[in-house]
Amino acid sequence: MPYFLVILISLFFSVSLIAQDKTTISGYVRNAASGEALIGAVVQIKGTQNATSTNSYGYYALQISGPNTELIVSFMGYQLLEQTIRVSENKRYNFELIVLDNQLEEVVVSAKRQNDNVTNAQMGAFNFSMEEVKNIPVVFGERDILKTIQLLPGIGKGGEGSSNFYVRGGGADQNLILLDEATVYNAAHLLGFFSTFNSDAIKDVELYKGGIPAQYGGRISSVMDINMVDGNNKKIAAEGGLGLIASRLKLEGPIVKDKGSFMVSGRRTYADLFLKLSNDETVNQSKLYFYDLNAKINYRFNDKNTLYASGYFGKDDLGYGDLFSFDWGNATATVRWNHIFNEKLFSNISLIYSDFTYNVNVSNDESDFTIASKIENFNLKEDLSYYADNKNILRFGLNILRQKISPASLNAGGESAVNSIDIESRSGIEAATYVSHEWKPSSWLSMIYGLRVTDFMVQGPGTFYDYDDDGDLIGEQSFDGGIVKHYFNLEPRLSLSVILSQEHSIKASYNRIVQNLHQLTNTTSSLPTDQYVVSSINIKPQYADQAALGYFRNFNNNAYEFSVEAYYKYMGNQIDFRNGADLQANKYLEGELLYGIGRSYGLEWYLRKSKGKLHGWISYTLARSERQFEQINGGDWYNARQDRTHDISVVSMYELSKKWSFGATFVYYTGNAITFPSGKYQMDGRTLFYYTERNGYRMPDYHRLDLSATYEPRKENKRFHSSWSFGFYNVYNRKNAYIIDFRENKQNTNVTEAYKIALFGIIPSVTWNFKF
Amino acid sequence: MRRCIYLLISVFIAVIMVACEEIIDVNLKVGDPKYVIDADLTSLSSEQVIRVTQTVPFNADIPSKPIENALVTVSDSRGRVFNFAYQGQGYYTVQNLALRKNITYNLSVNIDNELFEATSKLEDLVAIDSLGVIQETIFNEPYYFVLFKFNDPMDHPNYYRYSISVNGGPFRFSSAFSDKFNDGLLVTHQIANSDNSLAIGDSVVVRRQCISKEVYDYWNEIQFANPGNASPSNPKSNISNGAFGYFSTTATKEYGVRIQLL
Numbered sequence: 000m001p002y003f004l005v006i007l008i009s010l011f012f013s014v015s016l017i018a019q020d021k022t023t024i025s026g027y028v029r030n031a032a033s034g035e036a037l038i039g040a041v042v043q044i045k046g047t048q049n050a051t052s053t054n055s056y057g058y059y060a061l062q063i064s065g066p067n068t069e070l071i072v073s074f075m076g077y078q079l080l081e082q083t084i085r086v087s088e089n090k091r092y093n094f095e096l097i098v099l100d101n102q103l104e105e106v107v108v109s110a111k112r113q114n115d116n117v118t119n120a121q122m123g124a125f126n127f128s129m130e131e132v133k134n135i136p137v138v139f140g141e142r143d144i145l146k147t148i149q150l151l152p153g154i155g156k157g158g159e160g161s162s163n164f165y166v167r168g169g170g171a172d173q174n175l176i177l178l179d180e181a182t183v184y185n186a187a188h189l190l191g192f193f194s195t196f197n198s199d200a201i202k203d204v205e206l207y208k209g210g211i212p213a214q215y216g217g218r219i220s221s222v223m224d225i226n227m228v229d230g231n232n233k234k235i236a237a238e239g240g241l242g243l244i245a246s247r248l249k250l251e252g253p254i255v256k257d258k259g260s261f262m263v264s265g266r267r268t269y270a271d272l273f274l275k276l277s278n279d280e281t282v283n284q285s286k287l288y289f290y291d292l293n294a295k296i297n298y299r300f301n302d303k304n305t306l307y308a309s310g311y312f313g314k315d316d317l318g319y320g321d322l323f324s325f326d327w328g329n330a331t332a333t334v335r336w337n338h339i340f341n342e343k344l345f346s347n348i349s350l351i352y353s354d355f356t357y358n359v360n361v362s363n364d365e366s367d368f369t370i371a372s373k374i375e376n377f378n379l380k381e382d383l384s385y386y387a388d389n390k391n392i393l394r395f396g397l398n399i400l401r402q403k404i405s406p407a408s409l410n411a412g413g414e415s416a417v418n419s420i421d422i423e424s425r426s427g428i429e430a431a432t433y434v435s436h437e438w439k440p441s442s443w444l445s446m447i448y449g450l451r452v453t454d455f456m457v458q459g460p461g462t463f464y465d466y467d468d469d470g471d472l473i474g475e476q477s478f479d480g481g482i483v484k485h486y487f488n489l490e491p492r493l494s495l496s497v498i499l500s501q502e503h504s505i506k507a508s509y510n511r512i513v514q515n516l517h518q519l520t521n522t523t524s525s526l527p528t529d530q531y532v533v534s535s536i537n538i539k540p541q542y543a544d545q546a547a548l549g550y551f552r553n554f555n556n557n558a559y560e561f562s563v564e565a566y567y568k569y570m571g572n573q574i575d576f577r578n579g580a581d582l583q584a585n586k587y588l589e590g591e592l593l594y595g596i597g598r599s600y601g602l603e604w605y606l607r608k609s610k611g612k613l614h615g616w617i618s619y620t621l622a623r624s625e626r627q628f629e630q631i632n633g634g635d636w637y638n639a640r641q642d643r644t645h646d647i648s649v650v651s652m653y654e655l656s657k658k659w660s661f662g663a664t665f666v667y668y669t670g671n672a673i674t675f676p677s678g679k680y681q682m683d684g685r686t687l688f689y690y691t692e693r694n695g696y697r698m699p700d701y702h703r704l705d706l707s708a709t710y711e712p713r714k715e716n717k718r719f720h721s722s723w724s725f726g727f728y729n730v731y732n733r734k735n736a737y738i739i740d741f742r743e744n745k746q747n748t749n750v751t752e753a754y755k756i757a758l759f760g761i762i763p764s765v766t767w768n769f770k771f
Numbered sequence: 000m001r002r003c004i005y006l007l008i009s010v011f012i013a014v015i016m017v018a019c020e021e022i023i024d025v026n027l028k029v030g031d032p033k034y035v036i037d038a039d040l041t042s043l044s045s046e047q048v049i050r051v052t053q054t055v056p057f058n059a060d061i062p063s064k065p066i067e068n069a070l071v072t073v074s075d076s077r078g079r080v081f082n083f084a085y086q087g088q089g090y091y092t093v094q095n096l097a098l099r100k101n102i103t104y105n106l107s108v109n110i111d112n113e114l115f116e117a118t119s120k121l122e123d124l125v126a127i128d129s130l131g132v133i134q135e136t137i138f139n140e141p142y143y144f145v146l147f148k149f150n151d152p153m154d155h156p157n158y159y160r161y162s163i164s165v166n167g168g169p170f171r172f173s174s175a176f177s178d179k180f181n182d183g184l185l186v187t188h189q190i191a192n193s194d195n196s197l198a199i200g201d202s203v204v205v206r207r208q209c210i211s212k213e214v215y216d217y218w219n220e221i222q223f224a225n226p227g228n229a230s231p232s233n234p235k236s237n238i239s240n241g242a243f244g245y246f247s248t249t250a251t252k253e254y255g256v257r258i259q260l261l
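Line order of the protein sequences matches chains A and B. Mapping to numbering that gives the first Met the number 0: the first sequence position 744 is 743, numbers consecutive. Mapping to numbering that gives the first Met the number 0: the second sequence position 212 is 211, numbers consecutive.
The set of hints was computed from the structure by calculation and includes no laboratory data. Glycine is no exception: its CB is placed at the ideal position from the N, C-alpha and C atoms. Careful, some of the hints might be misleading.
With a Cα cut of at most 27 Å, we get these calculated DSSO-like pairs of lysine-lysine [said to hold, decoys possible]:
#1 A/K373 / B/K28
#2 B/K28 / A/K755
#3 B/K64 / B/K235
#4 A/K233 / A/K380
#5 A/K303 / A/K373
#6 A/K770 / A/K610
#7 B/K212 / B/K235
#8 A/K45 / A/K343
#9 B/K179 / A/K403
#10 B/K100 / A/K745
#11 B/K28 / A/K734
#12 A/K133 / A/K233
#13 A/K755 / A/K745
#14 B/K120 / B/K100
#15 A/K373 / A/K539
#16 A/K303 / A/K233
#17 B/K235 / A/K586
#18 A/K258 / A/K233
#19 A/K745 / B/K64
#20 B/K64 / A/K586
#21 A/K380 / A/K343
#22 A/K303 / A/K343
#23 A/K403 / A/K586
#24 A/K343 / A/K439
#25 B/K179 / A/K586
#26 A/K745 / B/K28
#27 A/K314 / A/K770
Have a look at the derived ranges for each label pair, beta carbon to beta carbon [claimed, not checked]:
#28 B/S107 / A/T462: 51 to 61 Å
#29 A/W723 / B/G168: 52 to 62 Å
#30 B/K212 / A/W636: 52 to 62 Å
#31 B/D111 / A/W636: 26 to 36 Å
#32 B/D201 / A/F312: 47 to 57 Å
#33 A/L322 / B/N166: 29 to 39 Å
#34 A/D454 / B/K212: 58 to 68 Å
Let the hints inform the model, and build the full structure from the sequences given.
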């Protein structure tokens, strides 16, 4: 570690020395109407390639040479701002951009530096603001960022209605999902039909599937970094929607005008109201709902110091009368302090907490018990950005993360017919430091390279067990406390772009990432009860090495973006289970685990049109994802469940007039790899199925078309806006198989049959949205 | 507990979804045939039955293919050997094998010079305190269960298995339990047939066995096989050489009950 610090410091000074003594301007880019910071807005010296973009707090720093400099400030969906500034010393310049009234005016922004996708060194990344995805149709009419990113190349859909996603053949638990920097453990409501992200409260999403920058770590397949809305600091505003399944309301406004603001947003479903209609007493007392609450405040003390506090709380509640209830939810809290040391050095310190819990209550004549499980973390982060000059940005920081897992323990009442079971909790500390250098050595080359160093410390106290190759217990060691084991890892990262011309470039990337939190899932849907474990003496950190190569091309004055990327990913220390593993309240759980490797590779095509009345994108992924475990499938490679040969999405939006806009989405993908029987036999009067190979079959191909229409009536008055959204999910009523299963025929038990269950046919939806 | 959660989830899916079910054709491969040995020796009588069959293709119109030429033998730790005689349909029987305490039994099945072996000890029966019938109403539908109450022996892992015969039909596996969550307590087991279709007036016979951990693991895998499982597999057998099935020797009792409202 000290050795690493020396490298970091020397690199820092070498970059500082390169930096010439020029004037640096810095500041924030914001929305003129609401004061909301704009993330990724571009500040450019007119007529040059000297440009920078705002960070996730809307901050930029740019070096300028002359006393009179013409600047262009631009951001997707906003009017271009041109401004001439006169400076002779380092100075603060804040810019405010005005929202374009309508996508129709998009043509106006043609001067924007829109070839960022070509020239930027970062590859394998996508950025969306909620504004951009509002017309994409989704099930039940609820805008959902997790459903939208599943339409991008390389992002495998989790199946009907699912919020799970699989990036470049990785597992669903290998995605780092951050909400204002806090880890969200379970991004699904109602078992995946909704995501935990209420679109009203979300400003922007950044997704990395390769070439992941060094400031991120902890999950080997992707990073999804979600920023919450800061809140309007100019005036009080409200926004909301009434839908068939859920309703939402958001309030925002200034605490002190132009200095600080707040935002509170809530959402609740009311599917359970239908249960009230039942005349069965147990049913009409049943529960079936979820709610979300997002809140954020920020306050700018002065030019150099800003404080942000934000939080999320969400809960799902299912219950059958008072006999049975099951609730689960995430909570997150983030406090951030932005400090600007000087124009060039931007610092942020974050203190973050997040947790995920679930509770089951059973109470009937026979038994009365509760099951509770919790995973939580405390995270301290210091991130610094040093804007040396327009060619060098250095990012470095420290991160200490403590995660604690309290597995499901069973707590029985006095007269209950079950015993209490308490399973030891486990915790680990991950200390990480990183340095990353964004460097543009010449007009044809730009790169981001860096290194992340992590030390994962398995913490006592606790009893750790040893197992033989068959998973049988052979010994145990007890620790009173302290560090039981260190896992020390170096994670190099690189992403570079060779700019052939302003229209096209070739990019390459490599990353190694290590993961110390593992989710144990043996079901096809994501259940809240899926257990987490941290790396231990037996469980080694998972890691992935990924290399990718891509070609990026823009056409027609950047109206069309095209890219093709090829990747290969190797995954080590992957986890699966022994046959018939007992994962519930089992202190010898680690004896049930198997360790193997994985590989995935593929080609991803992406064509996007972002201008004009008709815009949208087409993505196509051709891919393979496989696993190899000595004890599974005779030690041969087999398809991962999420392996999909073909995956196509077509997303289109059409602005017919100022009143009407339409959206259509078509998806097609090869069915998941799955294990089906290759024979049968009878045992004790029951037909049992004979399985030969793991995931040797395929579910039927999946395809679906969704349509949406949005109607915005002419504004009756200045303050009040409203709109209607109409949607049809699965327009041609395709009965996509959700489950295929096998059973004895009821009439003749000698004969067996296969059947499928389809979840959704065509589903209409209507939502009324308002804003004032 | 796992069962509670699956029940809840299936109820949830049934309520919120307009799920639709449809019989389909799936083109399934034919795996290499495997031998299947169903060897459940009980203390009910000295006549014991072992069935030897072979797996068949999924769309075969028989559930299992009988094996006629197996040499089926059970020997015990006192050196006695019992040779089973073929009775047709894959069934092999012997008349004079009464299970005894503290004796180890060895199963040997020889099919065309392939040898399959297993070992088992007699498992004691845990006596029941009471027997009854209970009606439970789930979503307005009545369901009937046979109720067993008993004291589970403390500090000793116990495993139970029930099979059921309805109105004189053949015995079929119903459910298996362990005392993982209720060791040493007054335990209640609710037993029904596999599709929970017991009705008023049915006359049922429930066969109760205390089984070994291996046999429990075997049946537990089968009873929790569900379409949501990401990687179904063949349950782990206690018989050698890759044969399917299991070998079990248990003290067994049968209870006849008529389903009626009390």
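Hints not upheld, ascending by number:
1, 4, 5, 10, 20, 28, 30 and 34
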